[in-house]
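K.L.:
Chains as they are written, first to last, in UniProt numbering: chain V, 1 to 473; chain A, 1 to 90; chain F, 1 to 312.
Just so you know, the hints here were simulated from the structure itself, not pulled from any lab data. Some clues are possibly wrong.
Computed footprint of chain A on chain V, listed as stretches where at least three residues anywhere in the stretch have a Cβ under 8 Å from a Cβ of chain A [claimed, not checked]:
#, segment
1, 8-18
2, 161-167
3, 171-185
Each computed SDA-like pair below joins lysine to any residue, with the alpha-carbon atoms no more than 25 Å apart [claimed, not checked]:
#, chain 1, residue 1, chain 2, residue 2
4, V, LYS149, F, HIS229
5, V, LYS149, V, ASP50
6, F, LYS187, F, ASN132
7, V, LYS353, V, PRO289
8, V, LYS149, A, LEU86
9, V, LYS437, V, PRO319
10, V, LYS149, A, PRO55
11, F, LYS281, V, VAL410
12, A, LYS89, V, THR62
13, V, LYS149, V, ALA103
14, A, LYS89, V, ALA225
15, F, LYS281, F, ALA75
16, V, LYS353, V, ASP434
17, V, LYS353, A, ALA88
18, V, LYS149, A, LYS89
19, V, LYS437, V, PHE370
20, V, LYS149, V, THR62
21, V, LYS437, V, LEU221
22, A, LYS89, F, ASN132
23, V, LYS353, V, PRO435
24, A, LYS89, V, PRO435
25, V, LYS437, V, LEU219
26, A, LYS89, F, PHE199
27, V, LYS149, A, GLU27
28, A, LYS89, F, ALA68
29, F, LYS281, F, LYS187
30, A, LYS89, V, PRO366
31, V, LYS353, V, PRO366
32, V, LYS437, V, GLY459
33, A, LYS89, F, ARG203
34, A, LYS89, V, LEU451
35, F, LYS281, F, PHE71
36, V, LYS353, V, VAL427
37, F, LYS281, A, PRO55
38, V, LYS437, V, LEU382
39, A, LYS89, F, LEU74
40, V, LYS353, A, LYS89
Using N, Cα and C, we set each Cβ at its ideal position, and we do this for glycine too.
Residues per chain are reported as follows:
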Amino acid sequence: MNYALAAVLLPLLAALLALGWRRYAAWVSWGGTILSLLCAIVALQQVLSDGPQQMLLGNWPTGLAIRWQLSELTALLLLLTTVIHSLVASYSLTSLRRLQVAADFWPLSSLLQMSLSALWLSTDLFNWYVTLELLGLVAVAMVTLSGNKSVAAALRYLLLSLAGSLCYLLGVALLYGQFGVLDVAELATRMPASESHMTTFALVLMTAGLMLKGALWPLHLWLPAAHAVAPAPVSALLSALVVKGPLFILWMLWSQLATVELSHAAAGFFLFAGSMALLTGGWSALRTPYAKVMVAYSTVAQLGYALLAIGLALRSADPAFQLALWLFIIAHALAKTSAFLAVGEMQHSLGGKRVQMLKGASQTMPVAMFALAVAGGSLIGLPPSGGFLAKWQLLLPLWPEWQLWLWLLVIFLGTLLSAAYVFRLVVLAFDRADPVKPDFAPQLLPQWLALVPALLVWGLAFGSHSFVHWLGG
Amino acid sequence: MSSIVWYLWIGAGIWGIGLYGFMRGPELLRRIISLNLMGAGVFMVMVALAARTEPTDGVLHALVLTGLVVAVSATAFALALLARLLAAKP
Amino acid sequence: MSGDFWFDTILGLVLLTLALATVRAQQLAAAVMIFVVFGLILAVAWARLGAADLALAEAAIGAGLTGALLFSALARQAKAESAPVSKSSSRSSWLVLLLSLMLTGILCFSLWWVPLQPEHHLMPLALEHLANSGTEHPVTAVLLNFRAWDTLLELIVLLLALMGARLVSSPMLQTPQRWPLASQWSKRLAPLLILVAFFVLWRGATAPGGAFQAGALLAAAAVVLRLNHQLPPLHWRYGWVRLIVLSGVLAFVVAGIASALLQYQPALLIHWLEWPLWLAKPLILFIELCATLAIGLTLTLLVVGEPEELSS
């Protein structure tokens, strides 16, 4: 637990130092991230050897204090956050000089890492509200790093995010009014026993707020504009990590607080929303003329898988669905980081925002294009990538039960759509007849760094056994 | 009907009016004000809930205070963004 | 019918009317003004519900500072968005109305079921541990001890708002020329406000008041001085400005780390933000003082910060 605490505090200290001592902002922030990565690794190791741990902040009794919980799952999410941040920070060290406001990127990125880590560890309804608000504000501030063109999308993102938080906060107020506690574990002992209209409505309000913040269908419309307009490293962080925070809280709420009947009813809605996200997101990704918007829509679609997994996990006792949910989150985070960094790199060197700029990219920028293709493979779910592992966990329990074949069909269609938009890019890239000439000489190091997360997601296959073990599958 | 329920309903009403204003707009500034109304409604509900016991629930009061500061921070940022948006328009 | 009943009824109806008027007002300027009045009446309602702390905070932060921010936004709006915005279709407007009415109805219906005598709430637990918290006022104890992590994160939220506003800062409007009467006034008003701010801060240990209310008052003093050109520019590139803005979060983190080191025992788990019993009171006072200064300066920069001040 001490190491988990360090993994939260190091980025905070780095952010403060980077703000006060601006000349070395990049190195301070990068160093904080790398150190926190080491701490997160040790924290995971400790959990695996000693079992889950908890910490009552301020050492006050349960209920009064905010409680942190370090389980296998939260340790893994903490590690994922630090890994993605380390990769993006390393990429940014090599490439951020192009951006005018580079000095402001570093403290914001460190604060983003801190707020996400705090969110994973917390088990307190109100503390989650504060971390969500923090996450939303950092995310919007980072979107505005792109300057004038980003302001409209950023404002829209901020306003919707605030409305979402207020819905969530109202739900928290209702639950506290009924039960008088904020700790999720304590609430879980009281709440399912005494279900009322009020608890149902509170959960609905919180769900609506979280879906708005997490860009889950049908409340996802702000996402493509905001994620596409941000600078490449920021888009990577937003798509890979930020939208997963609300998703995590959503899962914690429904899996722990709702009664069986209520969670079954909600599962139906999540299954429907997930299917729609998969189909509409995939279709929009296929149709858009802009490269980054396409990657952003792919996030909408991939979050659909997560919703499907939540819905199925709420309906069935089979732990495979839960495992699938977290595998999706991990695999998508790594693949999307790679995809955004690669597209950003190509956009910078080749000039232009349209998908057409990728024409002949396999010749002009082979490494970045390879990264995009490899990441795309995981998004489609080609074996043996991380995306395949997640999908396999989702499909296996569906297969024997014919009542669930509808979702099988949905997943199949979603896969076809994602294959279509990835192949659209790859086919363009191999059209070498008249390649788009780069405006700037492509840099090699950032391209290789963009490739690393994609290789990691394919490497997940080797660790699949331990993942299944850790997450209790 | 006790006055607590009355104030709870007032809070609900303010929240609902804020929600209506947020969705209706049409100006962005009005949407930002409406968000503040929504926040005021939620805080009103929390303050009324805190008044149910004697002495009043200080924990809820502290939460409202935290919420107020978060709300004013977010409003300030939103207004800065709005100003930039308007300045960028020709 | 008692006087209390009529007071509550009228207060509630006035609040609802003002909220509705804010949303429906034709002119944005009217909406902003009504909103500020609404904030002040809301503070009255909260005082009525036994929340003097919050009434003070709502008047200073919710109505005062938000009002100041909205008014300065309004001045820009007058130039840029005065052209009528295309009206949304009446059908979607009806839909929005119906949806809000429905949600409010369900909300009122669910609030009917709230237990009026709650079986369980956290206040007894807070009172039980109040003696060990280093402060005698329960709200301050929750904010700076029991749930100090929330407050630390909230200070970061405030810091972030300033960082975000810096990133997008746009040209300020010209502040009006000096006005002799206003200058004289502000010279007298500002020291008074600063004095009151520190009184509110000091009192927070035992009675309603605390860092946020004090910070807001401090900011009000600085804004008044600033608008009358009696305060030098506060440039972000000055080290001391950055230090004060960061001081709230820094004090928290330093206090947390120092406490952890003081209580460190190799075999035991570190409890983050656990103040040692004998040091709790001075630590809380130290954090509150730094937080007040940080909040005051941050809010000042948010309200009257000019781009050249904010840029590095």
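K.L.:
The structure should be examined with respect to each hint, and the outcome stated for every one.
P.N.:
Each hint, compared with the structure:
1. Closer than 8 Å: that is the beta-carbon criterion, and the segment 8-18 of chain V has 0 residues meeting it against chain A, so the requirement of 3 is violated.
2. Counting residues of the segment 161-167 of chain V whose beta carbon lies closer than 8 Å to any beta carbon of chain A gives 3, which meets the minimum of three for the stated coverage.
3. Residues of the segment 171-185 of chain V with a Cβ under 8 Å from some Cβ of chain A number 4, which satisfies the need for three, so the listed coverage holds.
4. With a C-alpha separation of about 34 Å, the suggested pairing of V/LYS149 with F/HIS229 is violated against the 25 Å cut-off.
5. The suggested pairing of V/LYS149 with V/ASP50 is violated, with an alpha-carbon distance near 50 Å, which exceeds 25 Å.
6. Pair hint F/LYS187 plus F/ASN132 does not hold up; C-alpha atoms about 42 Å apart against a cutoff of 25 Å.
7. Between V/LYS353 and V/PRO289, the direct Cα distance comes to roughly 9 Å. Compliance with the 25 Å bound is thereby established for this hinted pair.
8. Restraint check for V/LYS149 and A/LEU86: the C-alpha separation of about 12 Å stays at or below 25 Å, so the hint holds.
9. Taking the CA atoms of V/LYS437 and V/PRO319, the gap is near 50 Å; set against the 25 Å cutoff, the hint is violated.
10. As the CA atoms of V/LYS149 and A/PRO55 are separated by approximately 52 Å, the hinted pair breaks the 25 Å bound.
11. Of the pairs offered as hints, the one joining F/LYS281 and V/VAL410 is violated, with about 60 Å between alpha carbons and a cut-off of 25 Å exceeded.
12. Only pairs whose Cα atoms come within 25 Å are accepted, and A/LYS89 paired with V/THR62 is rejected, the gap being roughly 53 Å.
13. The suggested pairing of V/LYS149 with V/ALA103 holds, with an alpha-carbon distance near 19 Å, which does not exceed 25 Å.
14. Distance check on the hinted pair: A/LYS89 and V/ALA225 sit about 19 Å apart at the alpha-carbon level, within 25 Å; holds.
15. For the suggested pair F/LYS281 and F/ALA75, the alpha carbons sit about 45 Å apart, so the restraint of at most 25 Å is broken.
16. For the suggested pair V/LYS353 and V/ASP434, the alpha carbons sit about 18 Å apart, so the restraint of at most 25 Å is met.
17. Among the hinted pairs, V/LYS353 with A/ALA88 is consistent with the structure: their alpha-carbon atoms are about 22 Å apart, no more than 25 Å.
18. This hinted pair checks out: V/LYS149 and A/LYS89 have alpha carbons roughly 11 Å apart, not beyond 25 Å.
19. A threshold of 25 Å between alpha carbons decides the hint, and for V/LYS437 with V/PHE370 the separation of about 18 Å falls inside it, so the pair holds.
20. Proximity of V/LYS149 to V/THR62 is assessed by CA-CA distance (about 47 Å); at most 25 Å being required, the pair is judged violated.
21. For the hint pairing V/LYS437 with V/LEU221, the CA-to-CA distance comes to about 34 Å; that exceeds 25 Å, so the pair is violated.
22. Simply put, A/LYS89 and F/ASN132 have alpha-carbon atoms about 56 Å apart, too far for the 25 Å limit, and the pair is violated.
23. Straight-line distance between C-alpha atoms of V/LYS353 and V/PRO435 comes to about 15 Å, which keeps the hinted pair within the 25 Å bound.
24. Only pairs whose Cα atoms come within 25 Å are accepted, and A/LYS89 paired with V/PRO435 is rejected, the gap being roughly 37 Å.
25. About 39 Å separates the Cα atoms of V/LYS437 and V/LEU219, which puts this hinted pair outside 25 Å; it is violated.
26. For the hint linking A/LYS89 to F/PHE199, the alpha-carbon distance of about 45 Å lies beyond 25 Å, and the restraint is violated.
27. With a C-alpha separation of about 20 Å, the suggested pair V/LYS149 and A/GLU27 falls inside the 25 Å cut-off, and the hint holds.
28. For the suggested pair A/LYS89 and F/ALA68, the alpha carbons sit about 24 Å apart, so the restraint of at most 25 Å is met.
29. Taking the CA atoms of F/LYS281 and F/LYS187, the gap is near 34 Å; set against the 25 Å cutoff, the hint is violated.
30. A C-alpha spacing of about 40 Å is found between A/LYS89 and V/PRO366, which places the hinted pair above 25 Å, so the restraint is violated.
31. For the hint linking V/LYS353 to V/PRO366, the alpha-carbon distance of about 18 Å falls within 25 Å, and the restraint holds.
32. With a C-alpha separation of about 33 Å, the suggested pair V/LYS437 and V/GLY459 falls outside the 25 Å cut-off, and the hint is violated.
33. Of the supplied pair hints, the one linking A/LYS89 and F/ARG203 is violated, its CA atoms being roughly 48 Å apart against a limit of 25 Å.
34. Distance check on the hinted pair: A/LYS89 and V/LEU451 sit about 39 Å apart at the alpha-carbon level, beyond 25 Å; violated.
35. Using a Cα cut-off of 25 Å, the hinted pair F/LYS281 and F/PHE71 is violated, with the two alpha carbons roughly 39 Å apart.
36. The suggested pairing of V/LYS353 with V/VAL427 holds, with an alpha-carbon distance near 18 Å, which does not exceed 25 Å.
37. Our distance criterion of 25 Å between C-alpha atoms is met by F/LYS281 and A/PRO55, whose separation comes to about 23 Å.
38. Distance hint between V/LYS437 and V/LEU382 is unfulfilled; the C-alpha atoms sit about 31 Å from each other, more than 25 Å.
39. A C-alpha spacing of about 16 Å is found between A/LYS89 and F/LEU74, which places the hinted pair at or below 25 Å, so the restraint holds.
40. Between the alpha carbons of V/LYS353 and A/LYS89 the distance comes to roughly 23 Å, so the proposed pair stays at or under 25 Å and holds.
The earlier numbered hints that this structure contradicts are 1, 4, 5, 6, 9, 10, 11, 12, 15, 20, 21, 22, 24, 25, 26, 29, 30, 32, 33, 34, 35, 38.
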